[in-house]
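Following our numbering, the numbering of the sequence shown begins with 43 at its first residue and continues without gaps.
Rather than coming from a laboratory, the hints here were simulated on the basis of the structure.
There are no misleading hints in this set.
Here are the simulated DSSO-like cross-link-like pairs (lysine-lysine), alpha carbons at most 30 Å apart as the crow flies:
1) Lys280 x Lys919
2) Lys720 x Lys867
3) Lys688 x Lys778
4) Lys447 x Lys506
5) Lys778 x Lys845
6) Lys778 x Lys720
7) Lys838 x Lys861
8) Lys932 x Lys861
9) Lys551 x Lys563
10) Lys919 x Lys536
11) Lys120 x Lys266
12) Lys972 x Lys244
13) Lys165 x Lys861
14) Lys165 x Lys563
15) Lys861 x Lys778
16) Lys845 x Lys932
17) Lys688 x Lys563
18) Lys165 x Lys778
19) Lys447 x Lys504
20) Lys521 x Lys563
21) Lys285 x Lys845
22) Lys932 x Lys919
23) Lys521 x Lys165
24) Lys1031 x Lys244
25) Lys165 x Lys919
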Amino acid sequence: MKMIRISTAIIYMALLLPFGITKAYAGTYKVAALNYSICFQHDTTDTTKKKPDTLIKVIIRRALVKGVKDSLTMDAAKLNPNVSIQQMLKGNIAGLYVQETTGEPGTEQSMLIRGLSSPLFSKNDVYSQQPAVYVNGIPLIQESSFVYDIQKYNFNRIGPATNLLAGIDISNINSIEVIKDPLELAKLGPNAANGAIWITTKVAKSGYRQLSVNSYFGFVQASKVTTTNAEYENLFRKPFYQKYATESDYLNYPGYLRDSTNTDYYGPAKWNNLYYQNTAIHSVDLGLTGGSDRANFRFFGSGTTNAGNADNTALNRYSASFQINMLPFSWLTISSLVNANRMDRDRNRSLRDRYAETRYIPDLYNPLPPSENTYQALLTEYKKTIDNNRTTAVNGYLSLGVDLKQVKLLSNLSFDYNQGTRDVFYPSTLMEGNNYESNYIGYNQRFKVDNSINYTKEINKKNKLYFAVGQSYQTDVHKYNYANAYNGPNDFIKINVVQGNIDSANYLKPVGYLVYRYIDKEQARLFSVYGSARYAYKDLLSFTALVRDDGSSNAQPGSRWFIAPAFSGQWSLKNQFLKNSTLFDDLTFNTSWSRIGKPFDDDRFAAGPQYRVEIGWDSEPTIPGYNGVAAESRPYTSGWVGYNLKWTYTDQLNFALNTSMFNGRLNASAAFYIKDDKRMLLNIPVPQEYGYTSSYASGMAVRNTGVELGLAGSIIKTSTGFNWSSGINFNFNRNKLTALPNGLSELVIGDRKLQVGKPIDQFYIFQNEGIYNSDSEVPVNPATNKRLTFEGTTLKAGDPKWKDTNGDFVIDENDKVLKGNSMPKLTGGWSNDFHYGKFSLNVNIIFAVGQKALNQTAASQYDFINREAGNDINSIKEIFSWQVNVNTSKYPIYNPWSSVVPYRLDQDLFLENASYAKLRTVSFGYDFTKAGFLTKLKSTIKRAYIYVTANNLLTVTSFSGSDPELIDYNGIYNGYGMAIPRTYTLGIKLDL
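Use the sequences and the hints to build the structure in full.
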């Protein structure tokens, strides 16, 4: 509440400010051109004779200059209450695939540009494939995955685990561009090896003050589910017991299902009234800009509350931005910007996430019942907990630009810093008499210096040369301090008390709590020099060449530096062959190629053989010490790191054709690309005799090949009547493993198999062909006269009929096959805009086709015997488990007591088609700028627009889970992803 009051006061004062200075600018005001765009010039784009409102940004010239879907349509995007960059871009850019695995607000989301570049064995691997994100040229630093090294469970990273890209308010964004062209990525260097997202915020404008106010209010709709109770569970299990159970099995029937008079389990299941709720969301922001011909400024501030529709989850965000530009001399420009935001996140209260944080599994014999009263009692007890999650971030730049006509110099200093804290306390009433506390503070910081010189030489009117040389230095730091503690003296002392006598050697020794401490810090430096040359012949041809040399501190001593070349050519077919054509406005062919180095994201690879803090055991693998004493060991469990590990790099080749026709009414683009990621590291299992579980080796290579298509046009265009414009984008992508380290042709790691020539996202599973209804149906080996076995166990009636692929009458790992893909083969979106008079309607559809998913929710429900016997993290039955999650008519009745584990996940019995199409957005608005009541009031309002928006209205899919978008990074649907809710908002936009 305090932050809301402060934010309201600031916005209120800012609203009054422009009206207070109106008289100072009364009358006619002439503005000279403030040429500050030079401050961010990245190549040879001409920035002279710009208007005062010229965009302040690093100018990136794309190969697809008129590619219809490389840039996000901001007017439509700003009508949606999306809080993260990933949500804004989802389905709207060809070649960009967004994974939003939960609707819980503020959680981490991932992006992939032009396919999967390496296999995903764990969440750690997701971080290494994310594109670089730039805000006004500032390369944002993201979280490091090294915190997973100390986690027993990797469901969520320790700390607040908040999406850092949810801190940018869409109302402050002028444009978002996805950069995919190889040459443009090469200009950005190793940071952009996975692609780049280029965000340009609204900028300062000279002249009379301009004020904009935007606000919306709405709600997220509670999910409608069919709840169940113990009676439903009894009926579900009944056919299994009738067909296969022994007397002993009946005697071991779960106690919570035995007593039908127990109303907690057999009574009304109304827990959903407390778990799923309609929740309000709202946002308000203000932007103010103005200035003279020598200096201008812009201020922006906002406050946003976003919510999930379940478990009382929410995200509160406060952001501010201030920009100032000065022109002390006609040839010198000084520009600066500071952005800041704070995010407070209310997390879910699931049992799994709580137990994963505490690393403590209580007795799970009696699960949480579906009773509303019992669940309310739990929520009441939960009010005694503390779970504060806060993320703060600040970034900015200071830039000096010198314009000497043919020569332009730029010096730019930028920084980005974010810090996350989480304070947790669980009382003993939730922990079987043992309370728990943890504290986390971690930060990521980046400092970057760029210097460049651009020179333009006009040989004659037909021939021009452009040269650029530059240098950059970047330093990154990732650090965290984490401590968790158990068994405090009581539930009233919620902090870790130490002895406190500074004269004592043990003054930091805890009193009352059993404390475990973890601390880590990584630092990486990147130094680069580059040079480029571009030749342009009239308006027909242009050729560009670039070479850069990058040095990384994370590389090994023998290969610190990496030389990376890039080339590009552009040919105007319109001006060459169709100059007098009235049909074509533009027809351009472009080709480009680049090699970009990818530095290691962990400093362990720079050191070679090393010691690490790994002295845990099977049940606690991450304990950093023994008996309170820190210790070191060789990396026996994490993997041996040797020498001769060279830079990983990516080679990208792109062919593109772009056209504009019928006076701009039809625009189309097509691109074919080949992306080869080479010399990648892979943690390969090694024989036990080595003493290590695995060893890192270089040499893995993956190729992504694809086609991108974009089409946008004005289907119906009139001056005053009905108008209809439409745009659609497609991406077809295939990945293939082209090499493994040490010349291997195939390799099995965990539950994944990699095979050269095959996709890297396939599932390694058994093929299910039905059920053995009797022992006589089980095949018999004629050579031994023995029935078919599964890993040494003879199959019998009630067991699955798994395909014996190699015909050796033994079902084992050798009979598994690669099947299905976790990544979609086709992705895209279709957007339509309708206008009639002052009314407008926008409809947006997104789709993903060709991906599969393993339904772990179904496998867990059917494997109830093994799940309940385990009493581990996978045995948890959440409150939302008491709802219909599985289509019980599609699975056979196997013997759940069989030692072959009939309902194991690694079989195509649970492999489903996860393709979908989603009606993501419908927005309807009215422009009442010239409404009569405003005219009568002689209002100074330049624009007034009111709108209503509905999100996530309809999903078309054959997937049996709640939503195919909620599938995890590895293609497994576990049912923990919170629903992406239907959202309804009413908003207004005012420009004064």
